[in-house]
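Residue numbers (this note's numbering), protein chains in the order written: chain A, 1 to 418; chain B, 1 to 345; chain C, 1 to 350.
Think of the hints as simulated: they come from the structure by calculation, not from any bench.
Treat each hint with caution, since some may be false.
Stated by the list, open to error - Just a few of them, taken from the derived set where beta-carbon distance is under 7 Å, the chain C residues facing chain A:
no., residue
1, 50
2, 51
3, 207
4, 306
Said to hold, decoys possible - As a list, the in silico SDA-like pairs of lysine to any residue whose alpha-carbon atoms are at most 20 Å apart:
no., chain 1, residue 1, chain 2, residue 2
5, A, 335, A, 140
6, A, 404, B, 99
7, C, 251, B, 31
8, A, 140, C, 251
9, A, 140, C, 159
10, A, 172, C, 122
11, B, 25, C, 159
What the hints assert, rightly or not - To be clear about the criterion: a stretch of chain A counts as covered by chain C if any three or more of its residues have a C-beta under 8 Å from a C-beta of chain C, and this derived list gives those stretches:
no., region
12, 26-36
13, 57-67
14, 73-81
15, 259-270
Ideal placement from N, C-alpha and C gives every residue a C-beta, glycine not left out.
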Amino acid sequence: MRKVILAAAAMGLLTSTAWAGDVRIMWYSDGVEGQVFHDLIDRFMKANPDVHVTIDDVAYGTVKDQLPVQLAGGNGPDIARVTALKALSQYWLDMTPYLKDADFWVKNYGDQADWMRPDGSKAITGFMTQITLTGGFANKTLFDQAGVPLPDAKATWSDWVAAAKKVADNQKVPYAIALDRSGHRLTGPALSYGGNYMDADGKPMPIDAATKAFISDFVKWNNDGAASKDVYVSAAGTTYRAASEDFINGQLVYYYSGSWQIPNFATKIGNAFDWVATGSPCGPATCTGMPGGAGLVAVKATKNPEDVAKVMDYLASTPVAKEFAERTLFLPANKEVIAGGLDFKSDDPQVKAALKAFVAASTTTSPVALKLPGWKWSDTYYGALVTRVSQAVAGELSLDDAFKRIDSDVAAKVAEAK
Amino acid sequence: MSNRHQGKDALPAGWLGGLMMVPVKAAMQVIDMPLRAWQRLTGLTGMASFFLLPNMAVFGIFVLVPFVINFVYSMTGGSEIFLDQRFYVGAAQYRDLLDCRSYVDPSTCVEDGFWIATRNTALFVVVQVALMILTALITALVLNREIAGRSFWRAVFFFPVLLSPVVVGLIWRWILQRQGLLNLVLYDLFGFEPYSWLTDRNAAFVAAVGVTIWARVGFFALILLAGLQAIPKDLYEAAEMDGTRRTRVFFRITLPLLMPNLIVVLVLGLIRSVQVFDEAYVLTGGGPGTSTMYLTQYIYEKGFASDLRDPGLAAAASILMGAVLVVLTLAQMAASRRKEKQGER
Amino acid sequence: MGHVLAFLTRRRGGDRWHWTDIVTWVWLIGGLLVMFGPAVWLVLSSFKTPAALADFPPTLLPYVTEEVSVAGYDRPLPLYEVKQADGKTVILAEVRRIGIIAQMVDPKVPGAIVKVNIADRKPVEKVSFATSNYTEPFVHFDFLRFLWNSVFVTVMATAVTLLINSMAAFALAKYKFRGQSLILIVIVGTLMVPLGVIMVPLYSMISALGLFNSLWGVIWPTVATPTGVFLLRQYMLTIPDELIDAARMDKASEWQIYWRIVLPLAAPALAVLAIFSVVWRWNDFLWPLIVLNQSQLYTLQVGLNVYAGQLNVQWHYILAMTVVTMIPVVLVFVFLQRFITRGIATSGLK
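This is chain A alone, in the form it adopts within the complex (with noise of 0.2 Å):
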């Protein structure tokens, strides 16, 4: 019994001790990508057996709160799946000495470097595992059923609310749409309204006409039943929620996401109704999503950065990354990918159609949004927006003090910071 005590005790403390050769990778999942990216790994683990790759699957929620403050423990992995690029990037490594062939990198995820590295910097420190694009869907069934034309490109966010809500009261459809709660969902139409977060100096400036026109708008759409009202009340601040589920269901008409959802409307909707990507609808100054993503990052603290080189450079190889775009259907980032054309797996027509969508839309991508994501003031924003406009939609706060809050919140995160 007590031998078993010990056994189990000294099992216990043998922890997080590091030998050469050992990279830990941090990851999280939203569909098949983590099967997909631990084959990818078991291949390279047969090809280079003096590499011992450990995938942490963690969740969203582990990346986005705790990572941040492992890395100010020094405790952190060796590679990380991120999306606050920007605002970690002290703690990424730059690869550049360790590389086997670094204007590779720069030939072919050059365009993301910065998100990804403190500003000025001209350090390689990772790549993008995905890019994504935020853009509408259209349940095109209801739209045929209720004999209403789908609005072209060139249609105007009251142009979609007002069809959907046609479309959703002829056939008795409980919602025309709904935008995900997140902070970076709401940017892109307020972008496309004519808004703008950053001033001349890269500091954030208080929120604008047009961001405030297109919050107004939003909440009075949540207000008179056109909007989703249920994924902005359904959690306290900064809560992702998405309204994914009532899409699927064939409860909303127009839902405002990203390209992510593919893979995932292709396995849950099949062919229960058909659905098409429509891209951004616009605004009175232009048509823009906005732009993200995850990135796969080396860290600063590691004590093997040769060998988080090493898997590194073969997770970011034309081939290999071009097999995990593949089989995640998600997009690439990879120029040389792109470049070759890609043959996603997928036997759904729809998927390769909205695929196809989501690149066509990506041209339209105004300038700001393509700024954003390598800003690093970006999530304060976001979050500020997201806590704020939902307490506007549940009736708790009227529109100009939502607007003051955001204001307030985002020149406290700033002062704080100083």
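Since the structure of chain A is already known, use the hints to place chains B and C on it.
Only chains B and C this time, still in chain A's reference frame:
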């Protein structure tokens, strides 16, 4: 308390327990020798400190020291989590927290979230504890009757106590959401249109109260049941012979004799209620709006959630909360001790 | 039968139904539905496919659309009940759907395509349990490792809790020394303060002690429970001092008194604390989530959380794994039910 519970109940698998105890017993013998020496050296006081030491050491390192560090945190600013990266701000965090134009209206406060959470918590505690005691009392009274299959019914009410708060929140979210069981039942029975219960302010509050009661009522009902069973039967028989009405018997005999157990239930219920977090957080995420955001969630999110991180503010908020709670606990203890003394007299 | 009925409807005293009898049975039957219903619903839901989970209106049992293989088609085709213009319903297999028109085929006459408006068809469903929700996580996940970690944390934490809490309780109950009431006040004072509010300093503490990413980092902060000390002390107060004095006369050492006399007499209270400690530690979620970030150290509760992604939550796995983590607790309950309830009742919670 007598020894009668030690028999077959105390060790359900007696022989197995006995077998495992053999090495433990040997170990105890070995420990005894140096301890005797220590006892000779220091006397009973030394032994008292020996018995206290392990617990108080762990308690000190993992509870008291963090409390002290927490106090240091509350005087620092910045969003970094480690103290050496933070800077001193004095009482600024407390000033921010307490900066309100009117304490009745959270929206006039600089830190409106803190005051909303405080108000929500206070309301939740009052309503939840009251309803909880009521349901636990009814359940205990029902279980105390001569009903068939009593231990089965006891089990029915008790089993949620064993579930993790996260699971409790998850189960009920799965029931109350739009595609949930409740809407299915209402739709099938009455043809109600589906409704998003968790996104309605009042329904979400009722849900948070109801779900926490669901998860805990069995535990408190058992404590009350123990009290009911300890009331001497002859008191009731005497009352019945006098032809006293049952409601009168309840208020004159049952309730006063149950008082000690009711106080235990009140104290433990308050403790759990004030700490409400996991169930409610999984259930509603604090929504709709901020109507079910409670203090522990506010402090946790300020301390750990990345978009809002402000550990200094979180620490200051937790110190304020802790101070109020400690005062309340001690006041309650003093009150119940006074009552005990009165009872003795 | 009559006996059973008579037994079941036995009433308090007299032979007329008193209103309290009605209340009793309403409360019991209602309680049965409200207490057990949710758990049953969880278990049933855990067997649904992701698509069925999202279904509205939801169904009680997990259904899938029935399929049939038809000559000339590679894949099995889903079956639908179709209402025809003449009001009769027939069962057809769907070949494909274009917009609001479904192209269907009679399985018996595979050649002829029938066009049907999709509003006129209803899927033919059958009950089918998606056991892959359970089997797949076992394949991807180091389930046994998570289980072992959970068991290790639970057993170790409970053993340490019982030992150090009972020692402290003994000292507080049976000795008189200076600072006794101060210690008691501190312990009671911290009863009410949730772990959640000291998480940030506790985290830096764990980090400084090198317990981050160690199972002991999960165990230590939970073992010195004020609740346990308080409960045990209250119980030990009821042990007569005469017993201890008698043992001292027999030259028993203080350690022997603690071990041989006080602990056995406090067994009911220890049992209650043990059971609750097992349940608490088994169910712990937030703190292990913060401390353990390497997959070989995950406990079950942390492991199942992995299915919560950024943009999607894989509910079908989460529900199934939740059911799996509930099994040990249910087993503990089934076997120790009588013991638990008796223990709580008799451990003198005053």
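Checked hints:
Proximity of residue 50 of chain C to chain A holds as hinted, the smallest CB-CB distance being about 5 Å (cut-off 7 Å). Interface restraint check: residue 51 of chain C against chain A, minimum CB-CB distance 5 Å, threshold 7 Å, status holds. Because the beta carbon of residue 207 of chain C sits about 5 Å from the nearest beta carbon in chain A, less than 7 Å, this interface hint is met. With a least beta-carbon distance of about 5 Å to chain A, the hint placing residue 306 of chain C at the interface is held under the 7 Å criterion.
Pair hint residue 335 of chain A plus residue 140 of chain A does not hold up; C-alpha atoms about 32 Å apart against a cutoff of 20 Å. At most 20 Å may separate the alpha-carbon atoms for a hinted pair to count; residue 404 of chain A and residue 99 of chain B meet this at roughly 17 Å. The suggested pairing of residue 251 of chain C with residue 31 of chain B holds, with an alpha-carbon distance near 17 Å, which does not exceed 20 Å. Restraint check for residue 140 of chain A and residue 251 of chain C: the C-alpha separation of about 89 Å exceeds 20 Å, so the hint is violated.
In summary, the hint linking residue 140 of chain A to residue 159 of chain C is not supported, as the alpha carbons are separated by about 61 Å, beyond the 20 Å threshold. Only pairs whose Cα atoms come within 20 Å are accepted, and residue 172 of chain A paired with residue 122 of chain C is accepted, the gap being roughly 18 Å. For a cut-off of 20 Å, the pair hint linking residue 25 of chain B to residue 159 of chain C stands: about 15 Å separates their Cα positions. Check result for the region 26-36 of chain A against chain C: holds, 7 residues qualifying (beta carbon to beta carbon below 8 Å, three or more required).
Requiring three or more residues with a Cβ within less than 8 Å of a Cβ of chain C, the coverage given for the region 57-67 of chain A holds, as 9 such residues are present. With 3 residues having a Cβ less than 8 Å from any Cβ of chain C, the region 73-81 of chain A passes the three-residue criterion, so the hint holds. With a cut-off of 8 Å between beta carbons, the region 259-270 of chain A has 7 residues touching chain C; three or more are needed, and the interface restraint holds.
Going through the hint list in order, the structure does not satisfy hints 5, 8 and 9.
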